[in-house]
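Student: Sequence:
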Amino acid sequence: MSRMTPLDAGFMAMEDADRHVSLGLGTVAIIEGPPPSGEEMRAYAHRALERHRRLRLRVRGMGLGLHVPVWEEDPNFSLEHHIRWAALPAPGDEAALRDLVATELTARLDRDHPLWRLVVVENLAGGRWAMLLLAHHTMVDGVSEITAFESLCDPVDGEAISATGPRENPSRSGLPATRGLLGSMWWALRLPYTVPRTAFGAIRAAGPVLYAAIAPAEASSLNGPIGRQRRYAIARTDLPQVREIGAAFGVTVNDIAVAAIAAAYRRLLLSRGERPAPGKLRIVVPVSRRGADAKAVLDNRVSAMIPDLPIEIEDPVERLLAVHERIRGHKSSGEVEAERTILTPAQWLPFWLIATVFRLAAYYPQRGVAALATNIAGAPHGLAIGGRRVLEMWPCIPIALRVRSTIAILSYVDQLTFGITGDYDTTPDIDTIASGIRSEISVLSAHARGVAAAAELHHHTDTGTGGEQPADRS
1 MSRMTPLDAG FMAMEDADRH VSLGLGTVAI IEGPPPSGEE MRAYAHRALE
51 RHRRLRLRVR GMGLGLHVPV WEEDPNFSLE HHIRWAALPA PGDEAALRDL
101 VATELTARLD RDHPLWRLVV VENLAGGRWA MLLLAHHTMV DGVSEITAFE
151 SLCDPVDGEA ISATGPRENP SRSGLPATRG LLGSMWWALR LPYTVPRTAF
201 GAIRAAGPVL YAAIAPAEAS SLNGPIGRQR RYAIARTDLP QVREIGAAFG
251 VTVNDIAVAA IAAAYRRLLL SRGERPAPGK LRIVVPVSRR GADAKAVLDN
301 RVSAMIPDLP IEIEDPVERL LAVHERIRGH KSSGEVEAER TILTPAQWLP
351 FWLIATVFRL AAYYPQRGVA ALATNIAGAP HGLAIGGRRV LEMWPCIPIA
401 LRVRSTIAIL SYVDQLTFGI TGDYDTTPDI DTIASGIRSE ISVLSAHARG
451 VAAAAELHHH TDTGTGGEQP ADRS
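Counting from 1, one number per residue, gives the positions in the sequence shown under the UniProt record's numbering.
No lab work stands behind these hints, which were simulated from the structure alone.
Hints may be right or wrong, so weigh each one.
[As the list claims (entries may be wrong)] What follows is a list of derived Cβ distance ranges for each label pair:
1) G250 to R438: 46 to 56 Å
2) G273 to T252: 26 to 36 Å
3) R272 to S37: 41 to 51 Å
4) P155 to S221: 17 to 27 Å
5) G250 to E50: 36 to 46 Å
Every residue, glycine too, gets a C-beta built ideally from N, C-alpha and C.
Can you build the whole structure from these sequences, using the hints too?
Tutor: Structure (structure tokens):
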């Protein structure tokens with residue numbers, strides 16, 4: 001057995017506190033050719049199980065609420081608990097697939113078994129089929145969700161298949177699953193002395209992040225109560241085009257994605273008759289803390305920063321550069337280490353206390369954070385399942401804590417796809433976000449071409465290879 005981290009246990013408690021929330025992270029793959037048989041699909045799933053023993057572990061709670069839950073082998077493990085089949089109604093178009101994804105995002109994962117689900121979708125137009133992998137946020141973050149999906153795929157270039165152990169280990173948790181009765185009693189007696197000191201250090205280090213999360217912003221329709229149903233939309237963009245924009249303005253792909261999201265929300269607010277004021281769009285941007293040596297491990301290694309997006313800026317290039325500066329400032333401030341600062345000492349606290357904090361967060365009517373956007377690096381090379389090419393990949397993530405829309409960005413080969421999840425009742429105009437993202441990328445691309453053309457002209461002028469030649473003054 002291995003213990004959950006406080007963050008993972010907190011996600012579980014947060015889901016328990018809000019019946020409107022299901023914290024499953026998803027990846028949708030659109031695949032060429034006919035769908036596989038049940039036997040073939042089970043073979044692909046077994047391939048993933050061979051690579052990740054973690055997929056066989058379920059959650060078990062600890063008595064009296066003194067310790068966080070643990071992961072243990074599911075004694076009744078069966079792939080029948082995890083693989084489902086669905087068929088789209090005619091004409092089997094993309095809209096029908098997006099509706100199915102939205103529905104799957106509302107269905108909670110079964111706590112009696114390992115927290116993942118695989119849905120095979122038939123009747124997709126164009127002689128294609130789709131596959132949706134959902135895994136709970138206690139099991140995976142965005143990066144390891146993609147790792148889990150890739151483990152279902154055909155090995156690439158003789159890729160070795162090796163089993164990995166459970167996601168927790170002493171270097172991650174620092175604590176065994178149990179301490180024994182005397183150890184627990186001594187630990188409990190020390191709490192009045194250790195908790196205040198730990199709490200003071202954590203709050204002092206992470207104060208700016210906590211303030212950004214709870215300080216109220218200007219009222220916005222982007223924030224408020226959410227229901228049980230979801231909407232799902234996507235925006236496709238060209239990754240080489242995005243990289244050209246980055247080269248022209250000296251910014252990253254992530255900067256451009258966040259700037260496009262800022263422009264999309266600006267358009268959405270204007271269409272709703274709201275003023276895109278400074279400080280109105282405070283957004284959570286998860287940041288991976290996963291090293292290269294941990295890419296193949298299924299777990300949750302994510303922190304976050306909470307910048308204000310400059311939706312008040314009208315000029316696209318100026319807005320992009322403002323996003324770049326704000327994100328750079330948040331990264332250099334050490335904000336992304338705040339989660340570790342708070343949660344590393346929290347592993348010494350009783351689970352009931354951790355759970356209470358997360359449940360209070362679920363009930364708290366916050367209006368400081370209005371959206372969430374996460375950027376996930378997918379496979380730079382094409383994938384296949386049973387020899388069938390994976391044509392596209394879409395990311396999908398949940399909504400929670402009164403945040404009515406979230407956006408996941410996933411790269412795959414030469415495509416950058418934005419998967420947008422929204423509350424059904426309060427985000428009927430979710431397609432405005434998708435169209436706003438596509439439009440902003442096009443506008444920035446046009447500006448980048450202008451910068452590149454001007455630079456080329458300047459280069460030719462300086463080297464005397466274009467235009468009028470300088471006069472001979474000898």
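Student: Each of the hints needs a verdict: does it hold here or not?
Tutor: Consistency of the hints with the structure:
no.: 1; hint: G250 to R438: 46 to 56 Å; result: 23 Å, violated
no.: 2; hint: G273 to T252: 26 to 36 Å; result: 34 Å, holds
no.: 3; hint: R272 to S37: 41 to 51 Å; result: 48 Å, holds
no.: 4; hint: P155 to S221: 17 to 27 Å; result: 47 Å, violated
no.: 5; hint: G250 to E50: 36 to 46 Å; result: 44 Å, holds
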